[in-house]
Every structure is written in C-alpha cells, then in structure tokens.
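Go ahead and model the full structure; you've got the sequences and the hints to work with.
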Amino acid sequence: KALEGQMAQSQKMQAVGQLAGGIAHDFNNVLTAIIMASDLLLTNHRPSDPSFPDIMNIKQNANRAASLVRQLLAFSRKQTLRPEVLNLTDVLADLRMLLARLVGNDIKLKIDHGRDLWPVKVDIGQFEQVVVNLAVNARDAMPAGGDLAVRTRNVTAEECKSFSYRELTPADYVVVEIEDTGTGIAPDVLKKIFEPFFTTKEVGKGTGLGLSMVYGIIKQTGGFIFCDSEVGKGTVFRIFLPRLIAEVKPASEAGEAPAAPVKPAETAKDLSGSATVLLVEDEDAVRMGGMRALTSRGYT
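Each position in the sequence shown, counted from 1, maps to that position plus 1065 in my numbering.
Treat the hints as calculated values from the structure; they're not laboratory data.
Careful, some of the hints might be misleading.
Quick list of in silico lysine to any residue cross-link-like pairs, SDA-like style, CA-CA up to 25 Å [said to hold, decoys possible]:
no.	residue 1	residue 2
1	Lys1256	Tyr1230
2	Lys1284	Glu1149
3	Lys1173	Phe1291
4	Lys1124	Arg1357
5	Lys1186	Val1156
6	Lys1186	Glu1224
Listed next, with one range per pair, are the computed distances between beta-carbon atoms [unchecked claim]:
no.	residue 1	residue 2	range
7	Arg1129	Asp1349	23 to 33 Å
8	Arg1147	Asp1181	20 to 30 Å
9	Ser1361	Ala1130	21 to 31 Å
10	Gly1169	Arg1111	19 to 29 Å
11	Phe1117	Leu1344	26 to 36 Å
12	Arg1147	Ala1358	24 to 34 Å
13	Thr1360	Ile1123	15 to 25 Å
14	Tyr1364	Pro1184	37 to 47 Å
15	Gly1297	Arg1147	37 to 47 Å
16	Tyr1230	His1178	19 to 29 Å
17	Asp1181	Cys1292	26 to 36 Å
Small disclaimer: the values here were computed from a predicted structure and weren't measured.
Cβ coordinates follow ideal geometry from the N, Cα and C atoms, glycine included.
Dropping the structure here:
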C-alpha cells in the first residue's frame, strides 16, 4: 500500500510538471515579446522623458515574471543546465560566508565536509541556488534561532539499502544533508512540499515555487531529494547526486595533440548592419520584436 501511495505521488508530480512546463513555455513567449518591446521603446526615449520610468517599470516587472517562469521550468525539468565536474567541498566552502549572512546571528551554522568526496557533474549556479533555498527555508523555520547543519559524505550502492527511500536507485552518490532544529513539518504538509505553488507562508511572503524548483533541478541533474521531518524537532533534506566516474581514454587518444600555431590577434571590427539575417521563430510577437530589433541596427 505504501508503494502504491508513492507511485501515485510520483505520477502526480510528473503530471503537474508537464502542466507547469507547458504553461511556463507559453508564458515565457509572451514575456519575451513584452521585454523586447520595452527594450525597443527604451532605445527611443531619453531618461529625462516622462514616459521613460514607466517603460522601465514594465521591463523590470516583466523580468520578475520571467524569473518565476524559470522556476516553473526548473520544476518541470525543461530549463537549460550547464553541468560541470565539481568537488562539493570547494563549492560549499565558497558558499559559507553567504549562508552565514543569510541565516543571521541567531542561527548557528555548521558545515561538515566529508572526506575524499567523489566528483559530481552538476550546474554550479543551480546547485548553489538549491543550497541557498534550503538554507533560507531552514532559517524561516527557526524564528527564535537554532542550529543549521550542512553535511556531505559519500554513500555507496550497498549503503543505499540503509535508507527507507523506495524511489532511491542503488548506486554510488555524494549526499548533501541540510538539517535544522526548527518547527518541523506536519506529515500532511510533508507530502505536498515539492508541489509548485504550495506554501505555508502568508500571502505575499512566498510564491510556493522554491522547493518545487529545488526538486526539479535535482531531478534534472539525475539525482534524488528526500525530506524527513518531525514536528517540534526539526527537518532534514537529503540530496543524492550521482558519483561521476571518469571515462578512461584509449592510449592512442591519451597523447597530447600538437599545439596549433598561434595566430596574431586581429582588431575587432564593428559589423553591425553589414549582413542579411535569417530569423526563424514560430511565435509571431517574438518574431516581430526580433525583426524590429535587427532592422533598427541596420540588418536586412
């Protein structure tokens, strides 16, 4: 019965993700057209013009809306990631000062680095966003202060069996644990925390997209995220990132290729308006905006 419940929840999250991704894609096209039109208007108005602040306000709010769309795309796993090989010890060490400022003086931050962590392949910007999001959630759960621990360690495929997560595929992972001593999460709320637009915060204090974005980023990276919580004691999020095993190149490829001859540096030329551009875009408003932007620069 528990397996059926987890299966139903997984299917529900997948369906919500598909819906969110479709809406986000269409909405993103609308916002792109608004932002492009705003840029064109700004080029034709001086900062001293009475309408300049209004146009700037339109662009800024369109960019804010675009940021929300990116979070929806993250949940639906349709955003573009730029993964690179990372050692999480270095990443978290660089984040320490930012996290300390975010959580404030009333919360004791402790970061425990696992020994000889395996490399992982993730988008560093998105991973940092995940950690920051979870740290901010932990801070909000401890209004009177408390402890926030960030831990990393290697977990082998054999050790995966010690976890009670049915969805976790046995493999080698680098695990990141973010644990707080906050108010905890009730069981009925715990089932919904990764759903988009679900929030327990007051109106105007949260979009309900933070944890859904975290969920989408980790899933798109090929990892898993789980949450265990007890009301009155605290919450722990566990992120499982697949271990990266480097490919062994054949001996013939291992040798270094001869260095290419160094060409003398060429002076950059301004080629604006000196070419014919083929613009392909299926959205009418975006295509028209792009065409106007190009013709304004002299292109045909």
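Task: Broken hints, by number - done: Failing hint: just 10.
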